[in-house]
Amino acid sequence: MRFLAWVTTAVLLAGSMATAQETALRQITVTGEGRVAAAPDMATLRLGAAAEAKEAGEALRQTSDITQRILDRLGEAGIEARDIQTSGLSLSPLRQNYREGTAETPGIAGYAASNGVTVRLRDLDRLGEVLDAVVSDGANTLDGLSFGLQEPRPLMDEARQLAVADARAKAELYAKAAGVTLGAVQSLVERGGGSPGPYMAEMSMARGSVPVAAGELDVSADVQIVYEIAD
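What the sequence shown shows, in mature numbering (1 follows the signal peptide of the UniProt record, and there is no 0), is residues -20 to -1, 1 to 211, in sequence order.
Rather than coming from a laboratory, the hints here were simulated on the basis of the structure.
Every residue, glycine too, gets a C-beta built ideally from N, C-alpha and C.
It cannot be assumed that every hint is accurate.
[As the list claims (entries may be wrong)] List time: in silico EDC-like cross-link candidates among lysine to aspartate or glutamate, alpha-carbon distance up to 16 Å:
#, residue 1, residue 2
1, K156, E208
2, K156, D211
3, K150, E13
4, K150, D202
5, K150, E208
[To be verified] With beta-carbon atoms standing in for the labels, derived distance ranges:
#, residue 1, residue 2, range
6, G58, T9, 49 to 55 Å
7, S44, R133, 38 to 44 Å
8, D137, R6, 29 to 35 Å
9, R15, D211, 30 to 36 Å
10, D105, V169, 37 to 43 Å
11, D137, D211, 32 to 38 Å
12, V169, S116, 50 to 56 Å
13, E13, Q166, 16 to 22 Å
14, A113, E152, 43 to 49 Å
15, T11, L74, 19 to 25 Å
16, I64, D21, 16 to 22 Å
17, R133, E56, 28 to 34 Å
18, S67, R6, 52 to 58 Å
All chains, full assembly: derive it from the sequences and hints.
So, in C-alpha cells, the structure goes:
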C-alpha cells in the first residue's frame, strides 16, 4: 500500500510539473519604459563659511559670524526657516611641518573652522539674486547646486502609465507576429525608475550676476509584465 501511495503521489507531482511547465510556455513576458521630462521648480544650494586663525576660538568665531550673516540674509530674502539647515561644523588644527635649514619646528600653526548651510529655494527666478547676496555677506565655500521637483508624484504616475502602455504595445506586436491571441495580465512588477535624483549644476563664486541653466529632469518608470496566451 505504501508503494502504491508513493507511486500515486509521484504521478500527481509529475502531472503538476507538466501543467506548470505548459503554463509557463504559454506566456509572453515583456518590459516597458516610460519617461517624462519636466522643468525643475526647486533648487538646493550647499554653501558655507570657512576661516583660519591662530587660536581655535577665533577661527570658530569668524566662521560663526559669517554663518550668522548668511542666515540673516536668507531670512531677509524671504526664505522660510524649514528650507534652511546648517550642518558640517568642523574645527581642525593646521599643522606646521619641519623644514630643514630653518628654525621652524613641527607643531600646530593654527586652526581651520568651517560650517555648511543648505538652502532650498522654491522660486528659481531668485536663485542668482540670493546667491549674490550670501556671497556678498561672506559665504566663501560652495559645495554644489542641484535642481529638483517639489511634487514629483503626478509626473511619476504619468511615467508609469507610459511604461505599461509601452509594454502592452510590445506584447501585442509579439502576439501578432507569433500568430497567437494576447490574454490577461498574469503579473506586473515595477522594476526601477523613480523620481529624479538631484540634477547637479556647476557655477562660479564670482561676484555679479550668476548665470545658471536649470535644464530639464527626467522622471522614469520601468515595468515587467507577463501576459497569458489566450489560444
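Here is what the structure says about each hint:
The straight-line distance between the Cα atoms of K156 and E208 is roughly 14 Å, inside the 16 Å bound, and the hint therefore holds. Note on K156 and D211: the hinted pairing holds, with a Cα-Cα distance of about 12 Å set against a maximum of 16 Å. Between K150 and E13 the CA atoms are separated by roughly 11 Å; this keeps the pair inside 16 Å, and the hint holds. In summary, the hint linking K150 to D202 is supported, as the alpha carbons are separated by about 14 Å, within the 16 Å threshold.
At most 16 Å may separate the alpha-carbon atoms for a hinted pair to count; K150 and E208 meet this at roughly 14 Å. For the pair G58 and T9, the beta carbons lie near 53 Å from each other, so the given range of 49 to 55 Å is met. A beta carbon spacing of about 39 Å between S44 and R133 agrees with the range 38 to 44 Å that was offered as a hint. Between D137 and R6 the beta carbons are some 32 Å apart, a value that agrees with the proposed interval 29 to 35 Å.
Taken as a hint, the range 30 to 36 Å holds for the pair R15 and D211, whose Cβ atoms sit roughly 34 Å apart. Separation of D105 from V169 is about 41 Å and conforms to the stated range, judged on CB atoms against 37 to 43 Å. The supplied range of 32 to 38 Å is met by D137 and D211, whose beta-carbon atoms lie about 34 Å from each other. Taken as a hint, the range 50 to 56 Å holds for the pair V169 and S116, whose Cβ atoms sit roughly 52 Å apart.
At roughly 20 Å, the beta carbons of E13 and Q166 sit within the given window of 16 to 22 Å. As the Cβ distance of A113 to E152 is approximately 57 Å, the hint placing it in 43 to 49 Å is violated. A hinted range of 19 to 25 Å is violated for the C-beta pair T11 and L74, which are about 56 Å apart. For the pair I64 and D21, the beta carbons lie near 18 Å from each other, so the given range of 16 to 22 Å is met.
Separation of R133 from E56 is about 33 Å and conforms to the stated range, judged on CB atoms against 28 to 34 Å. The supplied range of 52 to 58 Å is met by S67 and R6, whose beta-carbon atoms lie about 57 Å from each other.
In the structure shown, a violation is registered for the earlier hints numbered 14 and 15, in ascending order.
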